[in-house]
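Colleague: Top to bottom, those sequences are chains A, B, C and D.
All letters in the first sequence, in the order written, are residues 329 to 660 by the working numbering.
All letters in the second sequence, in the order written, are residues 329 to 660 by the working numbering.
All letters in the third sequence, in the order written, are residues 18 to 350 by the working numbering.
All letters in the fourth sequence, in the order written, are residues 18 to 350 by the working numbering.
Careful, some of the hints might be misleading.
[What the hints assert, rightly or not] Below, in silico cross-link-like pairs of lysine-lysine (BS3-like), each with a Cα-Cα straight-line distance of 25 Å or less:
hint	chain 1	residue 1	chain 2	residue 2
1	C	345	D	345
2	B	395	D	134
3	D	222	D	268
4	A	594	D	222
5	D	345	C	268
6	C	134	A	395
7	D	268	C	345
Since the hints were derived computationally from the structure, they do not count as laboratory data.
As the structure is a prediction and not an experimental result, all values here were calculated from the model.
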Amino acid sequence: MKAVEVSAKREAAVPAELAIRMYRQMVRIRLFEEQVNELYTRALMPGLAHLYIGEEAVAVGICEALKNTDYITSTHRGHGHCLAKGAMPDRMFAELLGKEAGYCRGKGGSMHIADPATGNLGANAIVGGSTGIATGAALTAKRLKTDQVSVCFFGEGALGQGVLYEVMNLAALFKLPVVYVCENNLYTEYTHFTETTAGDILTRGTAFGLQVEGVDGQDVRAVHAAAQRLVNRARRGEGPALLLCNTYRYTGHHVGDINREYYRSKQEEQEWKTKRDPIKNMGEWLILQKIADPAALQKIEGEVRDEMKAAVEFAIAAPYPSPEEVDQDVYA
Amino acid sequence: MKAVEVSAKREAAVPAELAIRMYRQMVRIRLFEEQVNELYTRALMPGLAHLYIGEEAVAVGICEALKNTDYITSTHRGHGHCLAKGAMPDRMFAELLGKEAGYCRGKGGSMHIADPATGNLGANAIVGGSTGIATGAALTAKRLKTDQVSVCFFGEGALGQGVLYEVMNLAALFKLPVVYVCENNLYTEYTHFTETTAGDILTRGTAFGLQVEGVDGQDVRAVHAAAQRLVNRARRGEGPALLLCNTYRYTGHHVGDINREYYRSKQEEQEWKTKRDPIKNMGEWLILQKIADPAALQKIEGEVRDEMKAAVEFAIAAPYPSPEEVDQDVYA
Amino acid sequence: MPETATSQRELTFAQAIREGLAEEMRRDPRVCIFGEDVAEAGTPFKVLSGLVEEFGAERVLDTPISEQGFTGMGVGAAMTGLRPVVDIMFGDFLTLTMDQLVNQAAKVHYMSGGTWKVPMVLRTTLGATRRSAAQHSQSLHAWVCHVPGLKVVMPSTPYDAKGLLKTAIRDDNPVIFFEDKMMYRQKGVVPAEEYMIPFGVAEVKREGEDITLVATSSMVEVALGAAKLLAGAGISAEVIDPRTLWPLDEKTIVNSAKKTSRAIVIDEGYGRFGVTGEIASVIAEGAFFNMEAPVKRMGAMHVPIPFSPPLEDITVPTEQTVFDAARKLCGKA
Amino acid sequence: MPETATSQRELTFAQAIREGLAEEMRRDPRVCIFGEDVAEAGTPFKVLSGLVEEFGAERVLDTPISEQGFTGMGVGAAMTGLRPVVDIMFGDFLTLTMDQLVNQAAKVHYMSGGTWKVPMVLRTTLGATRRSAAQHSQSLHAWVCHVPGLKVVMPSTPYDAKGLLKTAIRDDNPVIFFEDKMMYRQKGVVPAEEYMIPFGVAEVKREGEDITLVATSSMVEVALGAAKLLAGAGISAEVIDPRTLWPLDEKTIVNSAKKTSRAIVIDEGYGRFGVTGEIASVIAEGAFFNMEAPVKRMGAMHVPIPFSPPLEDITVPTEQTVFDAARKLCGKA
Ligand SMILES: Cc1ncc(C[n+]2csc(CCOP(=O)(O)OP(=O)(O)O)c2C)c(N)n1
Ligand SMILES: Cc1ncc(C[n+]2csc(CCOP(=O)(O)OP(=O)(O)O)c2C)c(N)n1
Ligand SMILES: [Mg+2]
Ligand SMILES: [Mg+2]
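Bound-form chain A, shown alone (with noise of 0.2 Å):
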């Protein structure tokens, strides 16, 4: 499969307070996930989690173009489009330790945390399960003229999912405002994506009727500027889109998955983690643009260690739902 395109351009400097919001963001989903890998090894957490680290500029790029009324789909690997989107630690957390006072009572636990207050529809345990969901909040969002643009976030994984193809193909003849967003981060499980991937990603959507862009998953402010064209291109009526971010995750599929030589080298992932990080890279460009000093990031970086370490003891804390709950909610 012939490597996919990027916008090489380098974006044109965003709003100063933007920058260090995006920085922030990007920080905060780093160390949640550091945490979450912490309760894993503590044997705190009850069953596994896929972490977003590495791949933290796509979500908040992507999410910093979005407004809160905006939909998203999120999926497996979900947690840092959650938090992109406005959801807050101590409640993720709860949901991860399946406390009750998580944002689905811990009946759905890390693959499955939806928040109606951020427009968070749901992540989504099926590879590519929720790529119709979107598809349909961007229909609501036309027939209803709520001027909302909904945002499908999927793995590359998702590709080989025949209703993938299915949605975009009615997304285009409806010209609903949703914008498909494929995580290439190179691995589905523990195969890379060319043994998985036949012809080419971009084409894909071009050949349904979507608009198409690459881009670099690793630059936050070109998936922000990417973003802002799709997401406002599909809130003008002028129909869907598919956006491939080209990122990488750092840890394993899965917080058991350590072991990873099999399937990839530590050096592929040396270089990913020192030439491409979207923290360090981001961090290193606000500093250059005098929009911030190392002592303002360090400060940042501060406050969201105390603010991470506070949500995870109030979720340590939290108590379990009582088991009557069990057969609640199974009908509205």
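Model the placement of chains B, C and D with the ligands on the given structure of chain A, informed by the hints.
Modeller: Then chains B, C and D with the ligands, alone, in the frame of chain A:
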């Protein structure tokens, strides 16, 4: 949706014998289908049937590029594919009437004719339902190095089924000897394909790594030439292809679809029948090329009429399966 | 469709469904329809004829042949403020929608801790003997009955079809609505005055003393026919139509069995691992000490539905086979 | 994997499956495997580790995440001369394969009048309590049991898993093979000598006089545990494992119920409209005049499986709940 490209270039003359055989095969399909309609209007046929009249050049042009051992999968509109691949009219009519002498002992009917002797893996009443089967047959051919090619016939309506893209991707990744043949007869039941198909059909093949070609489906020589290119390419191990054949069904979606004005005009139907009839045009070409004179063509038609008449009589006279058969062959 | 207000007015099953949809669409602008050939064509069964003319292409959407995709679109539309009625032409195509129905629609409310809702109706068909062969003749409703989070409706008359469909559209949960494709042209009394039928309330179609016939959808007519034959043979049969399989009115079914002490469950789905096993178990447990004979189960024969008419006809319960089974059960065969 | 020939040799459930596959792949070059991460990764559960090294990427194919597509590919490959073993990682994803399984694989042989065959095995998982939440914890085997043309296998030990899998691979029909994902690491005796286990033959895991516990897959261990507790309470329980749900060994089940006069059916699938209803009905009909109490059904609670551990744990039958139900049924609670 932008009009699909069509290889305009007229194809070089084909060997006389082959040209005559293709003409006869097209006539056989048409007269077979006329008998089917007759059986329906005389209330001799249980249920409905989807006639292939108008599309004869597609099945014939392609199957004449195949070996008897090559595989095909067919659709609800499958009589033409079955005949073109070598099935006998008498056993086909018997199947349509639910008789024991039918290809499926009467258990399949019009939409499920299958025939191992001619490599026919079966017609399918699920739109897109046979795409996986055709792909799997190609996998076997490659794995067992049998030199066989598999052809998957489907109507453009199957472009709406996600499974088609899943298997195209699989075929491209594994370089399987399969040719996907899209019969675009402009309508899916009662809706024009432009209302159900965004983007571009051939680009959908390209996007998944397939060789693609579009051809005038009313020109049997053009279809045959394109089929030979793609089938031979597949046989050489160079991978799968998508062949788009632009064609038209003259009659209703099924034999009961009589009043069609609400979805297409009589004039549109007239133009296709008079200007682009595959049999008429091939006949004129044969005469022009001095391969046959009008009398010879008359003779062919007469012979075919007799063949079909006898085949129908055989089927009408044939007995139904005995009731004990009802629970036989559920398991092998 | 005739709108003349006379409570003795007769409508076909198809007309009753169309009228129910039309009334709800007039009442609530959020209600919309999508599926294949639902607009100008009004579906191959002509159930929706006229709706696109009244409500426009904005609310009656023709879709590509993408059952999984547009069912998923229905889930998202329902979560965000529309009330979609999704049309799946043949129940056999439910196979393509199972992920959207089971992993998405049925679970969204629970998984989200009760925050999101999916007020969606999926209309589809069931029933054999149409000479449509194995891929267009199945009755697969047992699958969705098996899944918590879904409701399942099985109307057997034009009256029930309209009243239950209006209830389904106003329900805040995903509802799977099964229509017997052989019933569309059957007529029945449908009052012009608005009415709704609650879920989970079975109807006693005919009272009897000797045996209970629990029948669903297409099999209700069959059971009533058998009951007539049984009356002639001196056997008084009570016929019960659950009308919705989930929620299921166990009380009415069990009480009838307690009274008659004999029961047959008749459903056009496959007889094994499906509806008949569930209802027979409910009876066997609830009326255990009253039953004088084991509950008899009658469903589709355990074979893919054959095309050949003489074969297809023996795969489905009929008045005669139900009559014979009932007489045997009552020791009068 | 250990190949040392001692008939007291122990293997894990996963090792037994791998060994069964390896033996069949050595015996028959037509046998091949495909699915997601089945090659180098050997599946997330490591069930297939080592197979790609022995048999090569030609016969152990990593696929894209296209369950519907590669299951369909399996059907076509099986029809034309291969004997594919299709790997569906989680049973919850069966939702995506239903059209290929039900409308294609199950019907090809019958619809073609017996001319084409589909010798395909589809391996997948079932079972909750893994903290995987609603979309990765379902046990959906009842759906495929409901469909004529498919066979359904439910091994409960490493020994059965290997013997039944070898039989499945040699069967000329589509076979759905369910593995309890919580059982992969459990050990059991698996002789090194080759053996096969026929379909349709239930195993009496423990003989008893007072009550019959019919349990499947993950629930067999639970039933055996409950039987121990019951013995302590002076109740002698007979435990029966059908091993295959289709074909179903009705005779062994019914005869046991006739002997004990009481029965509980325990299955991890949802309790309604599924396996427990079928087996309970078979018992209620076959042993009607022997039963002293209604057959009790125990399955997964009728809710999407919750993530929260204290909630998830009460959705599935346990030794304790089975013990309590049995004592009640025997009038000793
Ligand atoms: C339909 C379906 N098939 C398989 C799986 C198992 N699975 C979970 S995550 C995953 C890989 C997904 O890869 P990708 O979409 O690229 O997302 P990433 O994990 O890389 O973020 C797979 C195969 C699933 N959850 N759903
Ligand atoms: C999955 C599925 N959905 C819907 C149908 C009902 N149906 C039968 S034929 C048809 C139209 C098919 O159109 P196309 O593929 O273009 O084939 P054509 O009839 O034009 O030859 C439809 C919708 C079906 N058989 N299968
Ligand atoms: Mg990935
Ligand atoms: Mg067409």
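Colleague: So, for every hint listed, does it hold in this structure?
Modeller: Right, here's what the structure says about each hint:
1. With a CA separation close to 34 Å, the supplied pair residue 345(C) and residue 345(D) exceeds the 25 Å bound.
2. A distance of roughly 22 Å separates the Cα atoms of residue 395(B) and residue 134(D); the hinted pair therefore holds under the 25 Å criterion.
3. The straight-line distance between the Cα atoms of residue 222(D) and residue 268(D) is roughly 16 Å, inside the 25 Å bound, and the hint therefore holds.
4. The suggested pairing of residue 594(A) with residue 222(D) is violated, with an alpha-carbon distance near 50 Å, which exceeds 25 Å.
5. Proximity of residue 345(D) to residue 268(C) is assessed by CA-CA distance (about 23 Å); at most 25 Å being required, the pair is judged to hold.
6. Between residue 134(C) and residue 395(A) the CA atoms are separated by roughly 22 Å; this keeps the pair inside 25 Å, and the hint holds.
7. Under the criterion of a C-alpha separation no larger than 25 Å, the hint pairing residue 268(D) with residue 345(C) is consistent with the structure, at around 23 Å.
Taken one by one, the earlier hints fail for this structure at numbers 1, 4, listed in ascending order.
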